[in-house]
Amino acid sequence: ARGEEEGEKAAAGPKFRPRVTKDWFLEIHKRTAFWPARDCAKAACPLVIHLHGFSDHATSWGYPQLMTSNTSTCAKELGAILLAPDIPIMEFLMTSASPMGVVDEVRRVVLPLIESFIADHRGLIDPRRVSIGGVSMGGHLALILGLLRPDLFSMIVATDCYLRPSVAWAEHAIRSWSNLSAPVRLSNVVVAYGSLDELRTFSYQLDSLSTLSTFGAFAKHVRFQLRIYEGRTHGTWNTVFLQWQDLYDVMFAQEVPLVEGPVTSV
Numbered sequence: 001a002r003g004e005e006e007g008e009k010a011a012a013g014p015k016f017r018p019r020v021t022k023d024w025f026l027e028i029h030k031r032t033a034f035w036p037a038r039d040c041a042k043a044a045c046p047l048v049i050h051l052h053g054f055s056d057h058a059t060s061w062g063y064p065q066l067m068t069s070n071t072s073t074c075a076k077e078l079g080a081i082l083l084a085p086d087i088p089i090m091e092f093l094m095t096s097a098s099p100m101g102v103v104d105e106v107r108r109v110v111l112p113l114i115e116s117f118i119a120d121h122r123g124l125i126d127p128r129r130v131s132i133g134g135v136s137m138g139g140h141l142a143l144i145l146g147l148l149r150p151d152l153f154s155m156i157v158a159t160d161c162y163l164r165p166s167v168a169w170a171e172h173a174i175r176s177w178s179n180l181s182a183p184v185r186l187s188n189v190v191v192a193y194g195s196l197d198e199l200r201t202f203s204y205q206l207d208s209l210s211t212l213s214t215f216g217a218f219a220k221h222v223r224f225q226l227r228i229y230e231g232r233t234h235g236t237w238n239t240v241f242l243q244w245q246d247l248y249d250v251m252f253a254q255e256v257p258l259v260e261g262p263v264t265s266v
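Going by this note's numbering, the letters in the sequence shown line up with residues 1 to 266, in that order.
Hints were generated in silico from the structure; no laboratory data involved.
No experiment lies behind these values; they were computed from the predicted model shown.
For every residue, glycine included, the Cβ atom is placed at its ideal position computed from N, Cα and C.
Take the hints with a grain of salt, since some may be wrong.
[Unchecked claim] Here are the computed distance ranges between Cβ atoms for each label pair:
no. : residue 1 : residue 2 : range
1   : Ala41     : Glu198    : 43 to 53 Å
2   : Thr71     : Thr239    : 41 to 51 Å
3   : Leu26     : Ser98     : 15 to 25 Å
Make the full structure from the sequences, and use the hints.
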């Protein structure tokens with residue numbers, strides 16, 4: 001997880017695998033959870049959810065892939081619960097569903113998939129530290145989930161993604177935060193993509209997300225960062241997940257991201 005030197009050390013030493021549990025949601029969505037070595041029953045652990053992209057599966061990219069790697073030290077150093085669900089309806093969401101149809105399916109399937117996991121492991125998960133990250137289409141879903149449930153998710157890291165329901169939908173979702181029965185926990189949102197991404201036709205929607213950093217409840221609660229990597233194509237997730245603190249700190253250093261007010265960086 002930290003470059004060639006760390007990889008060589010890991011390869012030379014004993015292999016370590018975190019405890020893994022697997023179950024099924026609605027009998028079609030397999031959920032793979034990687035557990036830290038420390039006892040979450042004694043001190044509740046952060047939860048990080050990783051959402052894969054189109055034509056991928058739960059452990060294709062990002063931290064779930066590193067958990068199963070022979071050369072990564074991440075598995076041994078894991079300090080959070082890592083949930084990596086398989087989402088078979090991803091192809092439908094990407095190719096068939098209308099923009100609002102995607103939101104409807106997120107409400108119907110993806111959100112309950114996460115909520116039920118949290119409910120089943122109550123007492124083991126720190127409800128103040130539930131972070132969600134996603135790559136490509138998974139990043140798009142992570143953004144939608146965070147705007148729908150800012151009382152559930154404390155941080156969003158969305159890479160190589162776009163916001164299909166439009167900024168108008170996002171603003172409508174943010175206005176609904178005033179109707180929440182629980183306090184807003186969402187404090188950090190990071191959106192990143194490459195300047196040469198083949199999905200560049202959608203980038204104007206990402207650019208316009210920066211306007212949300214001054215909008216109502218979002219401006220009050222969220223530190224927002226928009227990162228554009230010059231010369232990079234569709235595939236910035238390893239850069240974002242490993243070289244920036246964000247989710248890395250939550251999973252390994254166990255630090256709580258600081259809320260410093262709205263920030264947009266390009």
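Ascending list of hint numbers which this structure does not respect: Failing hint: just 2.
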